[in-house]
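J.: Okay, here's what each chain looks like letter by letter:
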Amino acid sequence: MNEPLVLGFETSCDETGVGIVRGHTLLADALATSMAEHERFGGVVPEIASRAHLEAMVPTVHRALAEAGIAASDIDAVAVTSGPGLTGALLVGVAAAKAYALALDKPLYGVNHLAAHVAVDELQHGPLAEPSIAMLVSGGHSSLLLVPDLAQDVQPLGRTIDDAAGEAFDKVARVLGLPFPGGPPIDKAAREGDASAIAFPRGLTGRGDAPYDFSFSGLKTAVARWVEARQRAGEPVPLADVAASFQEAVADVLTAKAVRACRDHGVDHLVLGGGVAANSRLRALAEERCAAAGIVLRVPSPKLCTDNGAMVAALGSRLVAAGVAPSAPDLGADSALPITTVSR
Amino acid sequence: MLVLALDTATPTLVAGVARWSPEATEVLAERAVPSGTKHAELLTPAIRAALDDAGVALAEIDAVVTGLGPGPFTGLRVGIVTAAALADARGLPVVGVCSLDAVGSGARTVVTDARRKEIYWAAYDAAGVCVEGPDVVRPAELGRPGPFVGDPAFAERLGAEVVEAQVTTAGLLRAASAQLADPALFDGPTPPAPLVPLYLRRPDAVPPTTIKAVTQ
Ligand SMILES: [Zn+2]
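Going down the list, the protein sequences come from chains A and B. Position 340 (the first sequence) corresponds to 395 in the working numbering; numbering is contiguous. Position 169 (the second sequence) corresponds to 845 in the working numbering; numbering is contiguous.
Because the hints were derived from the structure by calculation, they are not lab data. It cannot be assumed that every hint is accurate.
Sample of chain A residues with no beta-carbon within 12 Å of chain B, all distances over it, derived [claimed, not checked]:
#1 Ser-128
#2 Asp-160
#3 Arg-214
#4 Arg-338
From chain B, some residues computed to sit far from chain A (all C-beta separations above 10 Å) [stated by the list, open to error]:
#5 Pro-721
#6 Gly-731
#7 Ala-783
#8 Gly-864
The calculated label-pair distances, taken between Cβ atoms and stated as ranges, are [claimed, not checked]:
#9 A:Asp-160 - B:Ala-857: 25 to 35 Å
#10 B:Arg-695 - A:Pro-182: 29 to 39 Å
#11 A:Val-379 - B:Pro-823: 50 to 60 Å
Here the structure is a predicted model, which means the values were calculated and not measured. Where is the CB? At the ideal position from N, CA and C, for every residue including glycine.
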């Protein structure tokens, strides 16, 4: 039998993603983004994102079908991000996916966005080793997960107690006068800087702190204070050094905690995902520390790390293969869907 | 032809199946479901139920009609994207109409809940033609004579009776009839131009005028 052909929808934030996979093979990954419209607000405006999803939905499906060289009627199953995310944005994708599933008379899988971030790696590196530890870091999430079975058993180990890692990048970028989103410009500026120039704090790394939780609020504030003190004194701000030192603090904490989670749980595979996983220093440091600890590191290419439809299709494909029951006809969106719910 | 009609502009979602010709509209089945904020959960089951009630398979449908609002945005988009996706998946034309056109009939002013103590409204002449609106105002500022139809919850603030009336399949078909009768309907571009909701309000978002220091 041919592996199932799955159409995946992602609209949890500002990216309208429609992906198509067959088994573990990526056939199409069409994306429309409203990022430019949010830029002047310094963050994603939910209503603007939702409006853009509605406008982009059908054209993005067409691009995905054309890219995959298939007709909609060839699809075997439909998957959609049901949460977590922005409610209004999620609902555009959920309603669209339900309509395509109804019209094509195919099963529908409402899936967890975070689990989809893990699943996408299977498109590049084949079946996930189970158990794996997964670390997902983006503007919306910072989570450490234990993944015994991606289709039905994902356990939260830790998460951010304040800002998401990506948010810290955005806020620090703003302090430095760099554009939104802050990840890419900080990464670029940091290449010219000295990562050891300024000793910024490493949140939640004390002896009594929760070993797998993250905190980036203090770091963000420390960077802002440092920069503002220079500005008040009329001194120039060494932008590259600040960017490099900040990025080093984030990468240091993230990789240390991820490696510790692997060790503590006797797991020798680590998967990274989310937009911040595209950060070059995080990738390099993760490689270095995983190699030293005998951990196999898997990181999808930057385009698959950020939100996209292919990741949802990848998880859908996994669910079909595992024989998990499709969603009920009254599927909706859950902005706070817990990671323990892989599909619903 | 057989037409599937949808609307999610009000707290009661509507899914109906009708046999339409320029001469006559026969509603074969209609589901009106009080849905509050659960349009996404309840719409596709309502469509399936309406098709079953009508004894019509989705494959037999010739065109889709959807209300474009005005209505609370989140629910409104559910109906519009559902119509667009259903039509796209089956290669059908899709027609958007003002949802208020589908409420009541004849000379009237239609009022529906726009939240934030405001109403969506539109006024129609004796022939049922929209002569003013749609727009969004506070009820006290509407300044139009009755009769009013739509959401009776606004009777007190309008200082006039509001005869309860909902979006109906027959109303949606009536509002869509000129577009359905247009022979060009079946040879539009693929994909068709996106359906544009009648938002009538800008997104709630204010660009920061000054960037505040993070430590403040
Ligand atoms: Zn994400």
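J.: Against each hint, give a clear statement of whether it holds in the structure.
T.: Hints, one by one, checked against the model:
1. Ser-128: Violated: least Cβ distance 8 Å, not greater than 12 Å.
2. Asp-160: 8 Å, violated
3. Arg-214: Fine: 22 Å to the nearest Cβ keeps Arg-214 (chain A) off the interface.
4. Arg-338: At roughly 27 Å from the nearest Cβ of chain B, Arg-338 (chain A) sits farther out than 12 Å, so the non-interface label holds.
5. Pro-721: 5 Å, violated
6. Gly-731: 17 Å, holds
7. Ala-783: 34 Å, holds
8. Gly-864: 12 Å, holds
9. A:Asp-160 - B:Ala-857: 25 to 35 Å: 30 Å, holds
10. B:Arg-695 - A:Pro-182: 29 to 39 Å: At roughly 52 Å between Cβ atoms, Pro-182 (chain A) and Arg-695 (chain B) fall outside 29 to 39 Å, so the hint is violated.
11. A:Val-379 - B:Pro-823: 50 to 60 Å: For Val-379 (chain A) and Pro-823 (chain B) the Cβ distance comes to about 55 Å; the hint holds.
In the structure shown, a violation is registered for the earlier hints numbered 1, 2, 5 and 10, in ascending order.
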